[in-house]
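Asker: Each chain, written out:
2 protein chains.
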Amino acid sequence: MAKPLRLGIAGLGTVGTGLVKIVQRHADLLAARTGRAVVISAVSARSRDKDRGVRLGGYAWEDDPVALAQRDDVDVFVELMGGADGPALTATQAAIAAGKDVVTANKAMLALHGNELASAAEAADLVIRFEAAVAGGIPVVKALSEGLAANEIARIMGVMNGTCNFILTKMEAENLTYDAVFAEADSLGYLEADPTLDVGGIDAGHKLSLLASIAFGTKVDFDAVRLEGIEKITIEDIEQAADMGYRIKLLGVAQMSGRGLEQRMSPCLVPASSPLGQLEGATNMVVLNGDAVGQIVLRGAGAGEGPTASAVMADVMDIARGIRVSTFGQPAASLTQAKTAGSNVPAPYYLRMQLKDKPGALAKIATVLGDSGISIDRMRQYSHSDPTAPVLIVTHKTSRPALGEAIAAMAATGVLAGEPVALRIEEV
Amino acid sequence: MAKPLRLGIAGLGTVGTGLVKIVQRHADLLAARTGRAVVISAVSARSRDKDRGVRLGGYAWEDDPVALAQRDDVDVFVELMGGADGPALTATQAAIAAGKDVVTANKAMLALHGNELASAAEAADLVIRFEAAVAGGIPVVKALSEGLAANEIARIMGVMNGTCNFILTKMEAENLTYDAVFAEADSLGYLEADPTLDVGGIDAGHKLSLLASIAFGTKVDFDAVRLEGIEKITIEDIEQAADMGYRIKLLGVAQMSGRGLEQRMSPCLVPASSPLGQLEGATNMVVLNGDAVGQIVLRGAGAGEGPTASAVMADVMDIARGIRVSTFGQPAASLTQAKTAGSNVPAPYYLRMQLKDKPGALAKIATVLGDSGISIDRMRQYSHSDPTAPVLIVTHKTSRPALGEAIAAMAATGVLAGEPVALRIEEV
Numbered sequence: 001m002a003k004p005l006r007l008g009i010a011g012l013g014t015v016g017t018g019l020v021k022i023v024q025r026h027a028d029l030l031a032a033r034t035g036r037a038v039v040i041s042a043v044s045a046r047s048r049d050k051d052r053g054v055r056l057g058g059y060a061w062e063d064d065p066v067a068l069a070q071r072d073d074v075d076v077f078v079e080l081m082g083g084a085d086g087p088a089l090t091a092t093q094a095a096i097a098a099g100k101d102v103v104t105a106n107k108a109m110l111a112l113h114g115n116e117l118a119s120a121a122e123a124a125d126l127v128i129r130f131e132a133a134v135a136g137g138i139p140v141v142k143a144l145s146e147g148l149a150a151n152e153i154a155r156i157m158g159v160m161n162g163t164c165n166f167i168l169t170k171m172e173a174e175n176l177t178y179d180a181v182f183a184e185a186d187s188l189g190y191l192e193a194d195p196t197l198d199v200g201g202i203d204a205g206h207k208l209s210l211l212a213s214i215a216f217g218t219k220v221d222f223d224a225v226r227l228e229g230i231e232k233i234t235i236e237d238i239e240q241a242a243d244m245g246y247r248i249k250l251l252g253v254a255q256m257s258g259r260g261l262e263q264r265m266s267p268c269l270v271p272a273s274s275p276l277g278q279l280e281g282a283t284n285m286v287v288l289n290g291d292a293v294g295q296i297v298l299r300g301a302g303a304g305e306g307p308t309a310s311a312v313m314a315d316v317m318d319i320a321r322g323i324r325v326s327t328f329g330q331p332a333a334s335l336t337q338a339k340t341a342g343s344n345v346p347a348p349y350y351l352r353m354q355l356k357d358k359p360g361a362l363a364k365i366a367t368v369l370g371d372s373g374i375s376i377d378r379m380r381q382y383s384h385s386d387p388t389a390p391v392l393i394v395t396h397k398t399s400r401p402a403l404g405e406a407i408a409a410m411a412a413t414g415v416l417a418g419e420p421v422a423l424r425i426e427e428v
Numbered sequence: 429m430a431k432p433l434r435l436g437i438a439g440l441g442t443v444g445t446g447l448v449k450i451v452q453r454h455a456d457l458l459a460a461r462t463g464r465a466v467v468i469s470a471v472s473a474r475s476r477d478k479d480r481g482v483r484l485g486g487y488a489w490e491d492d493p494v495a496l497a498q499r500d501d502v503d504v505f506v507e508l509m510g511g512a513d514g515p516a517l518t519a520t521q522a523a524i525a526a527g528k529d530v531v532t533a534n535k536a537m538l539a540l541h542g543n544e545l546a547s548a549a550e551a552a553d554l555v556i557r558f559e560a561a562v563a564g565g566i567p568v569v570k571a572l573s574e575g576l577a578a579n580e581i582a583r584i585m586g587v588m589n590g591t592c593n594f595i596l597t598k599m600e601a602e603n604l605t606y607d608a609v610f611a612e613a614d615s616l617g618y619l620e621a622d623p624t625l626d627v628g629g630i631d632a633g634h635k636l637s638l639l640a641s642i643a644f645g646t647k648v649d650f651d652a653v654r655l656e657g658i659e660k661i662t663i664e665d666i667e668q669a670a671d672m673g674y675r676i677k678l679l680g681v682a683q684m685s686g687r688g689l690e691q692r693m694s695p696c697l698v699p700a701s702s703p704l705g706q707l708e709g710a711t712n713m714v715v716l717n718g719d720a721v722g723q724i725v726l727r728g729a730g731a732g733e734g735p736t737a738s739a740v741m742a743d744v745m746d747i748a749r750g751i752r753v754s755t756f757g758q759p760a761a762s763l764t765q766a767k768t769a770g771s772n773v774p775a776p777y778y779l780r781m782q783l784k785d786k787p788g789a790l791a792k793i794a795t796v797l798g799d800s801g802i803s804i805d806r807m808r809q810y811s812h813s814d815p816t817a818p819v820l821i822v823t824h825k826t827s828r829p830a831l832g833e834a835i836a837a838m839a840a841t842g843v844l845a846g847e848p849v850a851l852r853i854e855e856v
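Residue numbers (the numbering used here), protein chains in the order written: chain A, 1 to 428; chain B, 429 to 856.
Hints are supplied without guarantee of correctness; some may be wrong.
Which residues of chain B face chain A? A partial, calculated answer using Cβ under 8 angstroms [unchecked claim]:
1. R461
2. G565
3. P567
4. K570
5. E580
6. A720
7. G734
8. P735
9. A737
10. S738
11. I751
12. Q758
13. S762
Here are the simulated SDA-like cross-link-like pairs (lysine to any residue), alpha carbons at most 25 angstroms apart as the crow flies [as the list claims (entries may be wrong)]:
14. K647(B) - D456(B)
15. K647(B) - S762(B)
16. K21(A) - V66(A)
17. K431(B) - R324(A)
18. K647(B) - S274(A)
19. K356(A) - E231(A)
20. K767(B) - L29(A)
21. K660(B) - K449(B)
22. K356(A) - R380(A)
23. K647(B) - H26(A)
24. K21(A) - S685(B)
25. K431(B) - G322(A)
26. K598(B) - A272(A)
27. K825(B) - A794(B)
28. K339(A) - L844(B)
29. K647(B) - A2(A)
30. K50(A) - L191(A)
31. K431(B) - S119(A)
32. K170(A) - G722(B)
33. K219(A) - G463(B)
34. K431(B) - E122(A)
35. K339(A) - D456(B)
36. K647(B) - L29(A)
37. K21(A) - S41(A)
38. K170(A) - Q723(B)
39. K647(B) - D28(A)
40. K598(B) - Q278(A)
If you're looking for bench data, these hints aren't it; they were derived computationally from the structure. Since we're looking at a predicted model, the values are computed, not measured. Note that beta-carbon positions come from the ideal geometry of N, C-alpha and C, so glycine has one too.
Okay, chain A solo, but in the shape it has when bound (with noise of 0.2 angstroms):
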């Protein structure tokens, strides 16, 4: 049997712990399925003292990740502390400095630094590995390099946020306004300190902009993503698209065209019947679609302790296995820099608004969106109590931007009351 493999690993929160669970409870089964041991060296954390239910006897502690990243006794430096610069990206460097394999969860470092990274890792023959970064226990990095290597991708959408799908699900389930199930998922700890990075789309923008990079041979952009957050969701919005047959998620599309890398981290509607319209709770789900393979769906749960735990061992085992395909399925070198489309590919959309309650309202506003070439599909005014008259309106297929401009052009009318909501519907 060939030498033990020996992490450093650096966080010991949820993910952090969960592994070293997955070490001490399967030692047998990681040797036997990669001919070798795989055993902690060394940990480090914020506070040495917290009881975190695992014993850490064993291993040796460093205060310092940049030190626990550059000991002798570590051949793989696992990042598990999040950020995406600070020490996190300090020990990274550090340990591909010092010749260290480097497996991480941390989708911001990489969204923001994984070009650099990834190049600095490969001229040294070392590699960077992410799969937890991503749909937590779905092994959709592995898929997506490996699995359809041998595909032309020409478009990647997925629900990649468990936060943000537990909300708008809940919502749904018991007729709860969206402050309502924030302030929920924030008592059971959902949210990040920061709850933008989930609710605003950030952090399933950044999964997307990494899996974007693999798809199609390009440099991560992650400022190239257009992103709308789910603040903006009313619990009406969510029963006129069921009323409808559509269910509301925040969906990532990455696609590759003639006019450039589309990416997009929004609110759409998709058909209720169709597998993201399915998709409940805090589950992940990424769709894949592939020249030669068609479409490929994946399915599990997007975070959690045993689920990202599971993905971070599954690339520590790649290693131990002598697994080494570069970071982003191709070496950072050949990477290329995409022109960013803007998202002009046609969709229908939802359009819902407050009309000020005077006579030829809704009729100035289906003047502008004649005007503007756009053809209603279904249009709803419903009775109401206030000042204003909400309205809901389907449109045939038609650009963002051209939507842009009739929002643009309606508001110049008067009649509107606060700011339209505009969604996109995704025929998945």
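Got chain A; can you put chain B on it based on the hints?
Answerer: Quick look at chain B alone, frame taken from chain A:
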């Protein structure tokens, strides 16, 4: 860039032709992703003159697949001939003897000879890879042996024969008899030369036995798969199942418990609203349960030129990248021989029978069930003009052996016309 990886492709049917197309269409993409060119040195098939719609002129031709396997300019022998024995097996053995890695889509060969082939390959430091043998384009072998390798797998469940799922969903959608849809599937070329391989559950059973080996670290044991086909399923079964909120699927289940390894491939009722219940047409779905990751669901095309060739090429690309995982996820020499567990895990059952139309018939059946300790959840007797009465019973949880004894006792009462159909209900 490293030396080209040179393929010898034996078998130029649908999958072989699809593979040639990928090599020709995606030469740049394959090289970018693997770091080396993937080229075809030679091919072999039954008929040299057949027009397959691809250029083959640049490749050497061998009439004999054994000669192909032994060529000096072949690094990887790609076996796409099919058949458990005969030329496929002989040529695969020759390839291993000649020091070639093997990629195959042949589930029958591996289900019957996988242990010996893997042992021989591993003794020579060679790999055998078979992603295309299970669930077509879905990267389930990779998900199980690599992506979820940190998990103790509790259960594998899946729909892995697209033809059977096509027949069952078409019967329901168009209210057709089994015979009518079978004939259509035949005319569409969906059936194997020996259709029992499909509708008898054998093909799907082969696949299940391969996944079970990876999941549980056990020798491939196809003989231990309890097989039941879909030939006895009537449109009435499908309608009655639908009435109760279920769909009938040819469902494979493999699970390990203290009693041993249970492997079964049989028509089961699953909730119509579950992911498995909603699977339409020739699509495949595999549901994997691991102790850390929870449940992972994979869905995609289970057959066809593009999807299967995508899986074959993924294996080739793994070899090009230096990925050399053991055939069944751990060394063949370390696989254990599992004890075969009977299907004693209790479940509710669906029971359909024809009763002779005489007084007390139904009472006798109910008495037999009661005497066998099997309680009835629902029972329906349908109106009829025949001399026999259709009766449908859904039991509470019982074991298959107990149900078998009850059915034998029913037969002894003399009120049965024909043999009852008993289908397990899986609350997936």
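Asker: Can you confirm whether the C-alpha distance between K647(B) and D456(B) stays at or below 25 angstroms?
Answerer: Violated. K647(B) to D456(B) sits at ~39 angstroms, over the 25 angstroms cutoff.
Asker: Check the hint pairing K647(B) with H26(A) against an upper bound of 25 angstroms on the C-alpha distance.
Answerer: 20 angstroms, holds
Asker: Quick check on the hint: A720(B) CB to chain A CB, less than 8 angstroms?
Answerer: 4 angstroms, holds
Asker: Could you grab the alpha-carbon distance between K431(B) and R324(A) and see if it respects the 25 angstroms cut-off?
Answerer: 18 angstroms, holds
Asker: Should the interface hint for K570(B) be scored as holding, given a Cβ-Cβ cut-off of 8 angstroms against chain A?
Answerer: The hint holds - K570(B) has a Cβ within 8 angstroms of chain A, the shortest such distance being about 5 angstroms.
Asker: Hint check: K339(A) vs L844(B), CA-CA at most 25 angstroms. Holds or violated?
Answerer: 72 angstroms, violated
Asker: With the threshold set at 25 angstroms, check whether the alpha-carbon distance from K647(B) to S274(A) stays at or below it.
Answerer: 38 angstroms, violated
Asker: Is the interface hint for I751(B) satisfied, with its Cβ closer than 8 angstroms to some Cβ of chain A?
Answerer: 5 angstroms, holds
Asker: Answer holds if the nearest beta-carbon of chain A is closer than 8 angstroms to that of S762(B); otherwise answer violated.
Answerer: With Cβ-Cβ at 6 angstroms, under 8 angstroms, it holds.
Asker: Going by Cβ atoms only, is G734(B) closer than 8 angstroms to chain A?
Answerer: Cβ of G734(B) sits 4 angstroms from chain A, so the hint holds.
Asker: Are the Cα atoms of K339(A) and D456(B) separated by 25 angstroms or less?
Answerer: Status holds; Cα separation ~20 angstroms.
Asker: Does P735(B) pass the interface hint, meaning its C-beta sits closer than 8 angstroms to a C-beta of chain A?
Answerer: 5 angstroms, holds
Hint violations for this structure: numbers 14, 18, 21 and 28, all remaining hints satisfied.
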